[in-house]
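Just so you know, the protein sequences line up as chains Y, B, U, L, S, P and W, in that order. Taking the working numbering, I'd label the letters of the first sequence as residues 1 to 259. Taking the working numbering, I'd label the letters of the second sequence as residues 260 to 518. Taking the working numbering, I'd label the letters of the third sequence as residues 519 to 777. Taking the working numbering, I'd label the letters of the fourth sequence as residues 778 to 1036. Taking the working numbering, I'd label the letters of the fifth sequence as residues 1037 to 1295. Taking the working numbering, I'd label the letters of the sixth sequence as residues 1296 to 1554. Taking the working numbering, I'd label the letters of the seventh sequence as residues 1555 to 1813.
If you are wondering where the hints come from, they were derived from the structure by calculation, not from laboratory data. Every value quoted in this text rests on a predicted model; they were computed, and no experiment measured them. Note that beta-carbon positions come from the ideal geometry of N, C-alpha and C, so glycine has one too. Check before you lean on any hint, since a few could be wrong.
Stated by the list, open to error - Rough simulated footprint, nothing fancy, chain U against chain B, three-plus residues with beta-carbon under 8 Å:
#, stretch
1, 290-297
2, 402-411
Said to hold, decoys possible - Okay, derived cross-link-like pairs now, DSS-like style, lysine-lysine, Cα gap no bigger than 30 Å in a straight line:
#, chain 1, residue 1, chain 2, residue 2
3, L, Lys1006, Y, Lys229
4, B, Lys278, U, Lys537
5, Y, Lys57, L, Lys834
6, S, Lys1093, U, Lys575
7, L, Lys1006, L, Lys962
8, S, Lys1230, W, Lys1739
9, P, Lys1352, L, Lys962
10, U, Lys747, U, Lys712
11, U, Lys703, B, Lys444
12, B, Lys453, U, Lys575
13, L, Lys834, P, Lys1480
14, B, Lys444, B, Lys488
15, Y, Lys57, B, Lys444
16, Y, Lys229, B, Lys444
Said to hold, decoys possible - To be clear about the criterion: a stretch of chain B counts as covered by chain Y if any three or more of its residues have a C-beta under 8 Å from a C-beta of chain Y, and this derived list gives those stretches:
#, stretch
17, 368-376
18, 438-447
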Amino acid sequence: MNSTINEWLSHPLVHTVWKIALVVIIFFIVRALGRKLIAGAFNRSIRASQARLKTLKSLTQNVFSYVLLFIVAMTILEILGFNLGPILAGAGVVGLAVGFGAQGLVSDVVTGFFLLLERQLEVGDYVTAGGVEGIVEELGFRTTLIRGFDGTLHYVPNRNIANVDNHSRGNMRALVDISIPAGQKLDESLAMVKEALENFSHPAIVSGPDVLGVESDDLATTTIRVIAKTDNMEQWAVEREIRQAIRQRYDAFSQSENE
Amino acid sequence: MNSTINEWLSHPLVHTVWKIALVVIIFFIVRALGRKLIAGAFNRSIRASQARLKTLKSLTQNVFSYVLLFIVAMTILEILGFNLGPILAGAGVVGLAVGFGAQGLVSDVVTGFFLLLERQLEVGDYVTAGGVEGIVEELGFRTTLIRGFDGTLHYVPNRNIANVDNHSRGNMRALVDISIPAGQKLDESLAMVKEALENFSHPAIVSGPDVLGVESDDLATTTIRVIAKTDNMEQWAVEREIRQAIRQRYDAFSQSENE
Amino acid sequence: MNSTINEWLSHPLVHTVWKIALVVIIFFIVRALGRKLIAGAFNRSIRASQARLKTLKSLTQNVFSYVLLFIVAMTILEILGFNLGPILAGAGVVGLAVGFGAQGLVSDVVTGFFLLLERQLEVGDYVTAGGVEGIVEELGFRTTLIRGFDGTLHYVPNRNIANVDNHSRGNMRALVDISIPAGQKLDESLAMVKEALENFSHPAIVSGPDVLGVESDDLATTTIRVIAKTDNMEQWAVEREIRQAIRQRYDAFSQSENE
Amino acid sequence: MNSTINEWLSHPLVHTVWKIALVVIIFFIVRALGRKLIAGAFNRSIRASQARLKTLKSLTQNVFSYVLLFIVAMTILEILGFNLGPILAGAGVVGLAVGFGAQGLVSDVVTGFFLLLERQLEVGDYVTAGGVEGIVEELGFRTTLIRGFDGTLHYVPNRNIANVDNHSRGNMRALVDISIPAGQKLDESLAMVKEALENFSHPAIVSGPDVLGVESDDLATTTIRVIAKTDNMEQWAVEREIRQAIRQRYDAFSQSENE
Amino acid sequence: MNSTINEWLSHPLVHTVWKIALVVIIFFIVRALGRKLIAGAFNRSIRASQARLKTLKSLTQNVFSYVLLFIVAMTILEILGFNLGPILAGAGVVGLAVGFGAQGLVSDVVTGFFLLLERQLEVGDYVTAGGVEGIVEELGFRTTLIRGFDGTLHYVPNRNIANVDNHSRGNMRALVDISIPAGQKLDESLAMVKEALENFSHPAIVSGPDVLGVESDDLATTTIRVIAKTDNMEQWAVEREIRQAIRQRYDAFSQSENE
Amino acid sequence: MNSTINEWLSHPLVHTVWKIALVVIIFFIVRALGRKLIAGAFNRSIRASQARLKTLKSLTQNVFSYVLLFIVAMTILEILGFNLGPILAGAGVVGLAVGFGAQGLVSDVVTGFFLLLERQLEVGDYVTAGGVEGIVEELGFRTTLIRGFDGTLHYVPNRNIANVDNHSRGNMRALVDISIPAGQKLDESLAMVKEALENFSHPAIVSGPDVLGVESDDLATTTIRVIAKTDNMEQWAVEREIRQAIRQRYDAFSQSENE
Amino acid sequence: MNSTINEWLSHPLVHTVWKIALVVIIFFIVRALGRKLIAGAFNRSIRASQARLKTLKSLTQNVFSYVLLFIVAMTILEILGFNLGPILAGAGVVGLAVGFGAQGLVSDVVTGFFLLLERQLEVGDYVTAGGVEGIVEELGFRTTLIRGFDGTLHYVPNRNIANVDNHSRGNMRALVDISIPAGQKLDESLAMVKEALENFSHPAIVSGPDVLGVESDDLATTTIRVIAKTDNMEQWAVEREIRQAIRQRYDAFSQSENE
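Kindly generate the complete structure, drawing on both the sequences and the hints.
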């Protein structure tokens, strides 16, 4: 009997059917496991909104399933006795062509994935990235759209984004350098600047403005630096107001002196 | 009987014919499926005009069919007992040569495809791309033609286009920096600028012009910034008009003072 | 009888001869088909002069024929029972060496092909390409010869040509920026410039000259911009004439004022 | 009997089972050894805090285990008689794609690992790295977050970090260059600077300030250099105080001279 | 008898001898054909002097012969029953090392070949190539020697030579920009320049000098451009003479005015 | 008997054991030889201190041993009848990943090795390397630590170090350029500078200071160059002293003239 | 008997011994031939001193012998029935690692070889190479040591040396540009310069000095160029002397005029 089973088992057709069945079963097990693993990894590591999470998860699961399907199809074809050399060679040629030309595309998607995952950019942020500056309008897997302050719409391929300078994460600093003629006495100038800022206030100011002191001093100009902490995106307005306040004080001072 | 069938099945010639038939059938099934998938993908993801959509779709379908045909031809040759080594080696050498030299070409086409798909550029847009600035005259799969403002026609290979700065998507900003001598009183200067712009109007202005305030202030010059939102491509005309208006007001002011 | 045929068919020598014959037949069919396809592709896609078209077509057909011949020779040698490993390895080593060193050469030819095909450059055009500016003297598959305005002959390898700025495709723009002292009244200056250009004419002018307005204005200088559309290559002469006309008007004006 | 054992041993099924068992045993041995080696290497070479040490160690051990598991799975499948060509080809294609696109990602992680291991950066350090300057906010395996002084949050991919300039490792130098008019006598100027700094003191100063001497001297300006060693991050405050002290002395000196 | 021949033919030793003989015969045929083809290609495409032509031709023929010899030696060794794996692997390792390190060398030779073939440079030419400027002293397959005008001898690896700017191919242009104070009347200045050049002559001048007109005009300076066509390498002398002539005329003019 | 031995020898198990034994023996011989060769190479070519020599030697020997061990383990597994395809494929995938990502790491170590071997840098040297300048604090296989003069600690990956400019190898040159007004007579100025330096001395001066002569001379300034050879790291102090000496002489001279 | 020999010849052990013997014989023949060829190539192409020639020759011969030895060892191991897959794979991994990391090293040696062979640099030459300028102190296969004029010792990896500017090959040019105020008459200035140089002589002058003429002329300055040919390394001294001579003449001239 042992011999009969062996014989039956070693019959080529039975062997083939048995092997294909096994491959298909393994396929479904691996596929289920893989999808679960991917889902788990996503659920653990992503803190993004539910909608985007689902897009990312299903994209990854689909790519995984297609690769698995390709492998299983190849395996079954081979079990059926086909030589896969030509198919694999054809796939290799296509892959090479894609590899050469679409290198940038894959690189875009990988970078885009991490930009989303690490939330480096979000729609509405004021950022400097890929050599352009402006407000993020759209985040794509391949391109990021940034609206410059002059109204230009910048299409930045994600791979071009190396450093991201996000100016919308936390308070900003207003910095004003005041030039006074080197001929004028330093103590008077410092007093004047402090006086001008004594009653200065602006709703966007978080702390300051503080007169830091003499930033640079040469024969022609003495520069006094003033800084303040402000609400996000309000730094320019505050800087302008500080400049105006000091200038007005200076105008009054010059007038009184000339008289 | 079983034995007879087995014998017949294992006859080499029968085997060969049976295999080729199977390959051809699989070829037609895969080809039909693939073309349908491609068509579906295109119909879903492209929002371009019908004409361009059809060109793209048929191009992709043709490339897919040729690759499939090559694989099937190779498989049949091998079933007939030919060694494919030399053919594949020859194809490899050609592929290598193409790969080395035509890398840029493939890269052009891939980039061009996405420029079209994402509609980053359209004929007539005023853009900055690949280091040149001007109006898009033609969009090709390999080259984009941009007409510079001095009349030069720029041929830009698509791979050279990384960032696209499209200046024709939405309103633009007119920005004028007015320099006033540092000796002049700030309050008077601000008043004068505001006065000059009080009755200023231009058909292309969407909002503004607004006097932002003191942009910079050193010993020699005080700079006052004025901005406005304008219709697309009208920003330069508006800037010129604002400059002229303020200058005229300033001329009048100087005259009255000198008298 | 069936058995006899089978036996005869399976005789190694007969088999070999039969296979070589088949290979040769396939060779001639594929060669004819390939050459026809290439010719068709050329006839459809090239709009160049007949002479250049024929050079390109026959070059491509020859390369195709040599590759095919190499594959067939290899296949026949293998059918005769030779191991092709060493030949292919030798070819691989040569290919590697060529690949490393001649990468630039292949790249030159591919780029040159497209420069011709897309007619980006033609002999006699005034262009900026590959970092040099001048008149195209010769278009080669490997190098483009450009004659600079100072008489230098530039040999530019085609691969160095990325963007082509062709200044000989359509009308050009003459642009003159006139600096007037900031102390002078704007309205008077504008009037003077307009007066100077009222009767200005030049055979190469297509439209204009138009006084655009105040291009920039600071404490030292006010710049007024004048533009005109001119015939190709005549823009510099027109610019010089415009400058001269305005300067002469200005000289007259200053004189009258000083008197 | 010998023959029976041999026969039994060479029975395919027994052979298969025996081989798989061996593979599994070797797997567990190698895995245990490898994990121990990794743990040992970590315990010896890392001087980081316990928490981070554990993360790094377990990450490396997991990668090691997964690679081993993949190899064992492949080996068992092959012992069972499957051809692994398709699977390995599929893995190769995926690997190629990842290799092309994710090159930067792997590079980020490797660099990040060494940044941590060599403690080049720590949270709170003031550094210049990857083209940005600021206080390190977060150290990741892929990105480093640096908070610029103007409030901007910089996301720097680790691969972009080549040189790390860490300004928080040891005392810093305050350097002040004083410009004096070339017309003034050098000895008097040097005396004045020394006088001004005689009683100068600042809690953050470690040594100095020392007057180095004449740093440069041309027809217009003579520059005298003063340096001091200060506590970390206090160099700018010290520099400002030194500048102020010297300027005040100079003001007094000018006044006395003018009278 | 048929059987005896077959038997004899299939005797391994006979087979081996027969195969080696065939290989040697094919070797001589291919070698002769290849050398003829190379010689023909050279005779057709090279227009260089006979001496250099022969060097190039024999170099190419030798490389071709050595590669062929290597392939034949490998084939014979394999027919004798040696496994060529190790030799080919060894050759591959050496090839890889050479490929990595000597990439530049191969690139030098390929570029040098085309520099000679296309006669871009010839000994004695005044050129700008590879970032240096001077007279070509020697043309090598690896390096080009250029003697700078200050006496320095520049060794330029051929691969560094991308664009070649050859200043010794045809007439050159002498260009002189004359600055006149903006206060002076334009018509008088133009007249003066034209007067100065009326009787100007120089043996190296081919055509001109022509007064082009007002090249630029701002508040401080008006620039008048004069150009002439001169013999090669004489442009600087002509420019100096033109400058001197105009200056002398200007000196006379100023004197008469001051008196 | 011969037959018995042959039979015994060809018994698979005996064969296997015999082969493994041979492999192990070869392993130990090659390992001993290799380690001796490495030790010899080190003893001959390294002139570094004993401690560092030993580290380098044992590191190289360990790497050699591990590679050998891996090869032997693979060989034994194969003799035992395992297919190594999966293991080698796994190793290849890991190698590829490492190759892509850790390229920089290997490059760091190789460069670091030669920096040590050729003693280009030593702790305490004042160098310019990898774009930073300062005193070498630590030499590692991966990173070099350089302390800048402002107190910053620079971590420079060794691969970033191309040129090493070592300022601590031999005497240095002090160079002072003295600007004198062009209006002053040259002979008097030269005399004054020589006079000032006649009695100049400084313990760090090795030779000089010598007045070289007129370095440049235009309408505004005449520059006289003075150089001296000084002890290492003392060049700046000497330069300052020379500047001071000349300035003091000049002050005296001006005073005498004004009186 | 024929059969006995055949049998004997086909006995595996005899076959093995016979094959190994053949391999060893071929090894010695190829090695002797190769070494002779290398020696011949060196004797023909190198014109360096005997000592360096021998070093280069023996280095190349040793590398050749080691590669050959490796191939022979591999071949013998395979004849003995070992599978070389693992060894070659191990060698491949090491080769890959070396290839990635040591690419620069190989490149250094190849470049260094040609620097020596073509005698581009010699110890004591004053050169500009790899971005540094100075006197060559040492020529190595990996690094070139250049002593800068300020005393710094530059270690330049040979691969960094692209262009070599050798300033010690032939006479050098001294070039002096003299600025004269634009207000002064040109003829007088030229006369004065010529007068100053009439009796000028310097032992290092080979020809000249010649007054070339007016190099540039704008509203502020007229520049007259003087050149001379001098001995190597003496150009700076000559330039200084020329400047001094002209300046002294100018001083005398001004004095006479003022009186």
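Verification of the hints:
1. 290-297: Coverage by chain U is violated here, the residue count being 0 at a Cβ distance below 8 Å.
2. 402-411: holds (count 7)
3. L:Lys1006 to Y:Lys229: Within the cut-off at roughly 29 Å; holds.
4. B:Lys278 to U:Lys537: Between Lys278 of chain B and Lys537 of chain U the Cα gap is close to 20 Å, so the pair holds against 30 Å.
5. Y:Lys57 to L:Lys834: This hinted pair holds, its Cα atoms lying about 28 Å apart.
6. S:Lys1093 to U:Lys575: holds, 28 Å
7. L:Lys1006 to L:Lys962: holds, 29 Å
8. S:Lys1230 to W:Lys1739: Holds. Lys1230 of chain S to Lys1739 of chain W sits at ~20 Å (cutoff 30 Å).
9. P:Lys1352 to L:Lys962: violated, 63 Å
10. U:Lys747 to U:Lys712: holds, 17 Å
11. U:Lys703 to B:Lys444: holds, 21 Å
12. B:Lys453 to U:Lys575: Cα-Cα ~70 Å, so violated.
13. L:Lys834 to P:Lys1480: Status violated; Cα separation ~76 Å.
14. B:Lys444 to B:Lys488: Since the Cα atoms of Lys444 of chain B and Lys488 of chain B sit roughly 29 Å apart, the hinted pair holds (cutoff 30 Å).
15. Y:Lys57 to B:Lys444: Roughly 63 Å separates the two Cα atoms, so the pair is violated.
16. Y:Lys229 to B:Lys444: holds, 28 Å
17. 368-376: holds (count 4)
18. 438-447: Check passed, 3 qualifying residues.
Hints 1, 9, 12, 13, 15 from the list above are not met by this structure, while the remaining hints are.
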